[in-house]
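With chain A held as given, fit chains L and C onto it using these hints.
Line order of the protein sequences matches chains A, L and C.
Position one of the first sequence corresponds to residue 15 (the working numbering), numbered consecutively onward.
Position one of the second sequence corresponds to residue 101 (the working numbering), numbered consecutively onward.
Position one of the third sequence corresponds to residue -8 (the working numbering), numbered consecutively onward.
Mixed in with the good hints, there may be bad ones.
Short, incomplete list of chain A residues facing chain C, as computed with Cβ under 8 Å [what the hints assert, rightly or not]:
id, residue
1, A26
2, F73
3, S81
4, V137
No lab work stands behind these hints, which were simulated from the structure alone.
Where a beta carbon is used, it is the ideal one built from N, C-alpha and C, also for glycine.
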Amino acid sequence: MTVRKPYRRSMAGWWRKNPFFVRYMLRELTAPFVAIYAVILLVGLVRLAQGEAAYDAWFAALTHPASIAIHWLLLVAVVYHSVTMWQVMPKAMPPLKVAGRTLPELGVTALGLLATLTVSVMVYALVRWL
Amino acid sequence: MVETRTIEMEVLRYHPERDAEPHLQSYQVPFAHDMSVLQGLQYIKDHLDGSLTFRWSCRMAICGSCGHMVNGVPQLSCHTFLRDYFPGKVRVEPLNHFSILRDLAIDQNDFLKKLESIKPYIIPAENKPVESGEFLQTPAQLDRFYQFSQCINCLLCYSACPQYGLNSDFIGPGAMALLHRYNADSRDAGRAERMPIVNAEEGVWSCTLVGYCSEVCPKGVNPANAVNQNKMNSALDYFLSFVTSRGGGR
Amino acid sequence: MNPKRSNAPIFWSLFGAGGTLAALVGPILVLITGIITPVGLWMPQAALSYERILTVAQHWAGKLFLLAVVSLFLWHAVHRIFHMLHDFGIHAGTGAKLLCYGSALLGTVIAAAALLAIGF
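Same shape as in the complex, but just chain A:
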């Protein structure tokens, strides 16, 4: 009988070998950008607690071209986070039934994107006019 000698292949560089995995990694890589933005806001909160001069300095830093550039990068990352979250959401929930029929995955994604759009408009209006 043939002697067994099972061969185990390496997982090195696994995510580079398939476009699906590259997109997965890009999705996961939005996380550090979300963290960076949270820290920027956290610093703002601390400056707010420290008084007007400190807060104004924080806001002044935000007007710096480098900060604007960084926030464009953050925006791309956070938008990609949002889009991929809604793409993945239908896989995390039981099927949604609308009028007796099952809503396709694209339907759940569309609802999510609509929610983001609606909330975005509401937040803009609040900040602008309230």
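Showing chains L and C alone in chain A's frame:
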């Protein structure tokens, strides 16, 4: 008259008694328009190299035996066609994330153990005698688990799952899909018995929702959904275990 | 076979809440705080003035929103970052876990302290 075209098939070879490592071997395979990758492998075995070893059975995408990596993607080779790769090469390798026993045949034992462990059978609330009649089930009740019952144990999802590749202790998409199939069946009352497996780190919590498993499933089972629905169930079970005095695998 | 119950649900719930919140308000917040208000495009710079934001932060609802955004964004991010280490083949043990989740906890505490210091 239709001219016979020839395609190059690169197949991974490995003999446990002779080889230190696997290597690719090239074959020129004449093919007709309707020939599958499996038929290409069979041509090689029948005409070019009788030593080539691979699993297959039904040739119609229902037995789950012929799973292989075709150009780096997990496929059922009976369900994948040479014409779609021509004039490029077709590279056939054993399913990823499993140990290679010989050529294209992989060690399935890990999956088989996991499959057994999830209790893949109806555990009824009470043992009814046959005379008491059938279980009654509405179409809506059937709908809750039907998709997950379509699994043919082909292992493509395990090959797709990088978390299983990185940690073979992970219960994996297929076993979770089948676990969910039974939990979601109205005739079954065994949910509590299966929860310890779900709740473990190697249960649903090793999944990071890559989602490639559902992408490659030839039967539309959507194992990613089975795993991730059960993250919610597991989380609820976890928080509830502090409120009630449930033991349950702590 | 009785496998040990994982504590992942705690971190996963925070991750999910943070991810959903980030998906809903992330883009518009980045746009408002980081781009349009600083340059004064479609939003006057005064929209984020000290007095205005202080008023928001002094209200209990404002505090809740600000704490939720900062804290949950952090809990979401560190959970994903920790699991990414594993994906990249880095054997991240208890030390890395403490560093990741610890920094989210630190951020939460600092945010809460700042919001309390701002008062009502």
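Would you pick out the hints that fail for this structure and give their numbers low to high?
Of the numbered hints given earlier, the structure breaks none, since each of them holds.
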